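**Student:** The primary structure of each chain is shown beneath.
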Amino acid sequence: MEGEKAVYRGLLKRPVVKLLIRKVVFLFITYFVFITIIFALPRLVPGNPLAEMLANILQTMQATPELVRAVERRLMEEFGLHKPWHEQYIEFLGRMLRGDLGTSYSLYPRKVSELVFTYLPWTLGLLIPATLVSWIAGNTLGALAGYRRGGRFDNALLPVSLILSQTPYYWLAMILLYTFSVKLRLFPLGGAYPSHVVPSFTLEFIAGYLYHYTLPFLSIVLAAAGGWAIGMRVLVIYELRSDYVDFADSLGLSDRKLLQYVFKNSVLPQVTGLALNLGTILGGSLITELVFSYPGTGYLVFRALTRLDYPMIQGTFAILFLTLILANFLVDLVYMVIDPRIRTGYIGE
Amino acid sequence: MTLLMAENIKAYYFTRMGTIRAVDGVSLGVDKGMVLGVIGESGCGKSTFINTLMMNIRSPLRFIEGRVELDGLVISEMSREQLKKDIWGKLVALVPQSALNALMPTMKIRDFIVDAVRQHQDLPKEEIVGMARRRFEELNLPSDTLNLYPHELSGGMRQRAVIAIATLLNPKLLLADEVTSALDVSTQKQVLNLLADLRKRRIIDSVVYVSHDIAVVRQVADKMAVMYAGKVVEVAPTEDMIAKPLHPYTTALVNSVLTLEPEVRKRELSYLPGEPPSLINPPRGCRFHPRCSFAKEKCETEEPPLVEVSEKRLVSCHLF
Amino acid sequence: MPSRILLEIFKIKKFTISLAIILLLLFIGLVGPSIYPTDPFEAVFRPEDPPSSKNPLGTDSYGRDVLAQLLHGIRMSLYIGFTASLIALAIGVAIGSIAGVKGGLTDEVLMSVTNVVLALPSILLMLLIAAYFKYRDPMLVSIIIGVTSWPWVARAVRAQLLSLRAREFVHFSRMAGYSDFRIAVEDLLPNMAAYIFMALVLLMSGAMMAEAGLSMIGVGITRGASLGIMLYWAQMLEAVRRGLWWWFVPPGSVLVALSASLLMISTALDEYFSPRLKGR
Ligand SMILES: Nc1ncnc2c1ncn2[C@@H]1O[C@H](COP(=O)(O)OP(=O)(O)OP(=O)(O)O)[C@@H](O)[C@H]1O
Ligand SMILES: [Mg+2]
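Protein chains in written order, with the working numbering: chain F, 592 to 940; chain B, -19 to 300; chain R, 732 to 1011.
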């Protein structure tokens, strides 16, 4: 018993474990802050948009009086606007913890959580592979360019990645869609799969899916890779001048080996960079989905924002943020595995 | 027997600001079994010089002219590939000025050693690690250091590990650049002992020891060379130089550092006015003349050659 | 000394070229609408006409002139970009310098707040805030972008201050008994002018991108045209699938040109001021 306790205590003292705990606590706090912002915003904004929304719905809903009353009751219950704000807050937190994100009214009576979980997989299926591929490709190209700084490859890659890095995914998407689908007719005009097949594990569906997948995937990969390439190039240039490279060089280590070292050390900040940029990547790809009429969360967000479907806005954003936090945590875990300095507590916030 | 001979070597940095003549016509020899100390103020070109001695030239530094012969091989005519393959690490090794950051940060020291040795000898991993472990033990360094990452070592330990790694393949010549400057006195001592051990056990033959600190150089060097603004201005056996410096710059240097020692305390501290000169536009004539209280007209126009004024004593000054 | 630095900076080709592009677009945005007085919102032309001598960039689906929209759009995007980045800069510099100069508990609290805000994805935050305003004028959009984009500035300013603070002149001011505030204003900020300028440049490109993103997803400005709003219209009215390239290519190109030039300016300055990259 005592021994077991000591083991736990020892474990808690390990730098990695400490860091992990700190990280989890931090992420928890940010999630809490975000949820609070979600709660507070509509109640802080002048003119109380929620109340206004309720009035609006009741006026404009072209439905049977029973339905209108049902919606009203539901919304009053979920938002609890007649209660004091701290009760509303506690109820809100409780619902969020239980995963009850409320009821959409623009797609009444569907639950927000159910809607998000039908649309989210499409987004993730697009976003995760695209992000990984762009990260790997961008870093590899950037490293090569940085290694031969000023060379022909560098001179060609630098302006291209610079422009790509400043190109919004969705605008690149428009250009690709116009060129390859409208003009050259090589790819479909939108959607995630051919309209005549149902999603299933058949060859027909998978082929159709990939066919529809190509352009959205390429838009994100190309536009995102530019930024990674630029970042990696600079990191490699910095790293090549570091003292350990000089020393290894003076011991006669081959250029290949040196490049390996430099790559290894430059990629570490890029892993952190990935964690930091997940939000931006997500934002960009949501809009890209709109361009391709992709049935992902982008559509849901757009619909919610333009129809002022506040329950859906709140729910979708809470889930999206939660997804980001999880992804962030995963990336941080990976970082801890590959950087020995973190493991031994040498660096880390 | 001469191990290393440098003849009139020049190496300049080509930068946006201009050409920095960091090493500008230096000739020096290092005998087998000798420790040569090189001293000089910060920025006078010591590090550039020591790197040029092994032909470790990288942009923006360029080797302009001269000849470097190491153990009978004219290394100044070798390609970088050849140097890396046959010379560096095997015949000559460098402990860089920044040795505290010289180890690959995300690798265990053991694995770095394996990579380094494998470049020259195709041995199985375990054998290399065993070799390193024996060497570390021989030099009284804790051998479990090998299983650590660089950041887990103290500064002094890191410095000693770099020296041990650099000399793993028994190079004849060790070039040591300010290896004690960043350390406190007791750690300095450990590093100096390590160097002495290396020589005693015949792991290395000769050392070129660069430092701005005469007091330290004096403890290790048999012979000293004084650098000023990219040139060597005086060469002499260590004790001779300290007892009786010839060049006015050496005199100032020796006096400013060693006034607390009894045998020199009598001398009054000479004050050296002015700044070290720019290496982009060095003064004409003798580079030291603007700061020299003995400067004559000749010093402003004519560069003094490095000449032998008495046995084993070379000086570059119109006074002699 | 400063004029020598300026002279040297202007010798950097990519800096000068990028600056020229920015100034050109700024000029177009400021003067363009008066030189080319066609009303961007009046639907008086034949809809969906390709570029012609009458409508140099064609017309949109309502029969409005695209060039006129572009000129007004550039002006609006620059306005929002500039205002938003000034807001973010003000917040970031204020928080960063208070944290950096005061140190201690103040520093800790401010930096914790900054880190939390930094961890909130700014784009989601912007969308969320914007959603609750029925009418969004350019100032409101600028504020929304500004209040969500400052954290990295605060961190950078603080880090820079800490490294400057360690230097001697601050020590002297402290010994002379100057207040923290006076030290910050008189000694530290001037030393950071170049840094702050770089931050402004980066913020501005980020803000213009953010404006476009907000607009694309339907929560941009509610009146007037910006580059993002043009793209939004083009997207809503299926300009891509209907082959109306003149409608979506120009605003996007201008956006990329602006943003890339701003990035180049900041990289050039960074390379100039940070010796490690400079090399030769
Ligand atoms: N990579 C480089 N690029 C440009 N100039 C350089 C470079 N390295 C050194 N220099 C310049 O060359 C001159 C000699 O430098 P060097 O490092 O050889 O001097 P040092 O005597 O070793 O100085 P220290 O005692 O500070 O180590 C200095 O003026 C320095 O500024
Ligand atoms: Mg040096």
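Because the hints were derived from the structure by calculation, they are not lab data.
There could be a bad hint or two in this list.
[Claimed, not checked] Far from chain F, some chain R residues (derived; all Cβ distances over 10 Å):
#  : residue
1  : Ile736
2  : Leu754
3  : Glu773
4  : Pro778
5  : Asp838
6  : Asn846
7  : Leu855
8  : Ala897
9  : Trp976
10 : Val980
[As the list claims (entries may be wrong)] Okay, the calculated beta carbon distance ranges per label pair:
#  : chain 1 : residue 1 : chain 2 : residue 2 : range
11 : F       : Val789    : R       : Ala925    : 56 to 62 Å
12 : R       : Glu839    : F       : Leu794    : 47 to 53 Å
13 : F       : Phe619    : B       : His131    : 27 to 33 Å
14 : B       : Arg114    : R       : Thr837    : 41 to 47 Å
15 : R       : Glu839    : B       : Asn120    : 40 to 46 Å
16 : R       : Tyr767    : F       : Glu705    : 33 to 39 Å
17 : R       : Thr837    : F       : Arg832    : 35 to 41 Å
18 : B       : Arg182    : R       : Ala924    : 42 to 48 Å
19 : B       : His131    : R       : Arg735    : 38 to 44 Å
20 : R       : Val775    : F       : Thr709    : 53 to 59 Å
Note that the coordinates shown come from a computational prediction; the quantities given were computed from them, not determined experimentally.
C-beta atoms are modelled at their ideal positions from N, C-alpha and C, and glycine is treated no differently.
**Student:** Could you tell me which of the numbered hints above are not met by this structure, giving the numbers in increasing order?
**Tutor:** Hints 6, 7, 9, 10, 12, 14, 16, 18 and 20 contradicted; others consistent.
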